[in-house]
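Peer 1: Quick note on numbering: the sequence shown equals residues 1 to 368 in full-length UniProt numbering.
Note that these hints are calculated values from the structure, not bench results. It is possible that part of the hints are untrue.
As a list, the in silico DSS-like pairs of lysine-lysine whose alpha-carbon atoms are at most 25 Å apart [stated by the list, open to error]:
no., residue 1, residue 2
1, K45, K27
2, K45, K111
3, K39, K27
4, K27, K111
5, K179, K363
6, K363, K290
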Amino acid sequence: MSQGVIQGSMREAPLPDIIQLVSQGGKSGCFHVQQDASKARIYLKDGRIIHAITNNGEGFDALMEVALWLEGSYRFEEGPQEVPATITKPNASILMELGRRMDEWRVISQKVPSVELYPQSTLLPGETPQGVNPREARLLNLATGYYSVAELAEVTQKPVLTVAKDLYGLVMAGHIHLKGIRSGKAPKLEAAPAAAPASTPAPAPASAIDLVPISERLGLGPVVPESREEETAIVRLQAPPPLPTFPIQGFPEAEESLPVTVGGGVASDAPPVAPPKPAASADDPVRMAKLTAFTQRIAQAAKTVLPEAHHEMVNRLQARSTQQIIGGEGPEAVKGLALAISRGAVDAGCDAELVRTLNAQLKALFTK
Numbered sequence: 001m002s003q004g005v006i007q008g009s010m011r012e013a014p015l016p017d018i019i020q021l022v023s024q025g026g027k028s029g030c031f032h033v034q035q036d037a038s039k040a041r042i043y044l045k046d047g048r049i050i051h052a053i054t055n056n057g058e059g060f061d062a063l064m065e066v067a068l069w070l071e072g073s074y075r076f077e078e079g080p081q082e083v084p085a086t087i088t089k090p091n092a093s094i095l096m097e098l099g100r101r102m103d104e105w106r107v108i109s110q111k112v113p114s115v116e117l118y119p120q121s122t123l124l125p126g127e128t129p130q131g132v133n134p135r136e137a138r139l140l141n142l143a144t145g146y147y148s149v150a151e152l153a154e155v156t157q158k159p160v161l162t163v164a165k166d167l168y169g170l171v172m173a174g175h176i177h178l179k180g181i182r183s184g185k186a187p188k189l190e191a192a193p194a195a196a197p198a199s200t201p202a203p204a205p206a207s208a209i210d211l212v213p214i215s216e217r218l219g220l221g222p223v224v225p226e227s228r229e230e231e232t233a234i235v236r237l238q239a240p241p242p243l244p245t246f247p248i249q250g251f252p253e254a255e256e257s258l259p260v261t262v263g264g265g266v267a268s269d270a271p272p273v274a275p276p277k278p279a280a281s282a283d284d285p286v287r288m289a290k291l292t293a294f295t296q297r298i299a300q301a302a303k304t305v306l307p308e309a310h311h312e313m314v315n316r317l318q319a320r321s322t323q324q325i326i327g328g329e330g331p332e333a334v335k336g337l338a339l340a341i342s343r344g345a346v347d348a349g350c351d352a353e354l355v356r357t358l359n360a361q362l363k364a365l366f367t368k
């Protein structure tokens, strides 16, 4: 039977601080940590952390999984516990690492608020972004809207925080947006690129700032990368330059708001974001008419390039886009139509030269 209970919210007091407070008293017992359906148990013996277990595993990795839970609750029950000692590191280094990861996740979660969201590339088929490292490029290939952030970590066999860090940079650069619902097709899985031989010198970076890890640029302290791929050239100290994401002349850019979920943790210190006002509501017929006319121009331009056999696909996508405009999605629906037509051409087996011509025609509409 437990001899004492300590409980509270991680939003009010960081978990590392509470564990340190209990460990200084030389107590033995178990921390029960929970955020929504996710649960963890962290065991102490004579004040030392010896074991942790979650739904996904146990040991040190299970303890670090809790770093993604910023709004959970904890309850410490004092008393002897018969568990294996799977963690041998000293408390000081464990709690320092746990706190560092929590601080890093607070920043990342402002753009990647949950590991249960589904990343989707905004790039046109065949379009190659500049300044991405090999691991980020692989994520872009896998970001079809089919895998969630957590599933991408499993597929790439990388820690979920590492994947979220890369996605943060890709979102900031405009290469990826996040959806709350699974969509798209399962991407073809390819083996991760083999590491270069130790004797092959790595190419010199363009600048030292470009290769500073994201955590250092965000003031989270230095992190030793897993490999050369950890270095990223996506997130700069300044805002990224404008990217070809189809800006519509005469219409304000409507940034899609991310669903506020806590499947993988939501930044507790970030102010709540109010959903944006729909760009084309039912009480704005003039705006809706302009957007609908723009979809007709996109469809007409696509039909001048694509064979007649694909015109029905264009008509179907245009009709869907029109419904989205009526539903209030506005400029996002127009940009989505151009992307959908390009992807549809690739899925239909059109050759690369035809797709490049199609992309050039579609881009031209957005720059007039």
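Peer 1: Now tell me, hint by hint, if it's right for this structure.
Peer 2: How the hints compare with the structure:
no., hint, result
1, K45 <-> K27, "holds (7 Å)"
2, K45 <-> K111, "violated (38 Å)"
3, K39 <-> K27, "holds (22 Å)"
4, K27 <-> K111, "violated (39 Å)"
5, K179 <-> K363, "holds (24 Å)"
6, K363 <-> K290, "holds (18 Å)"
The structure is inconsistent with the numbered hints 2 and 4, although it conforms to all the rest.
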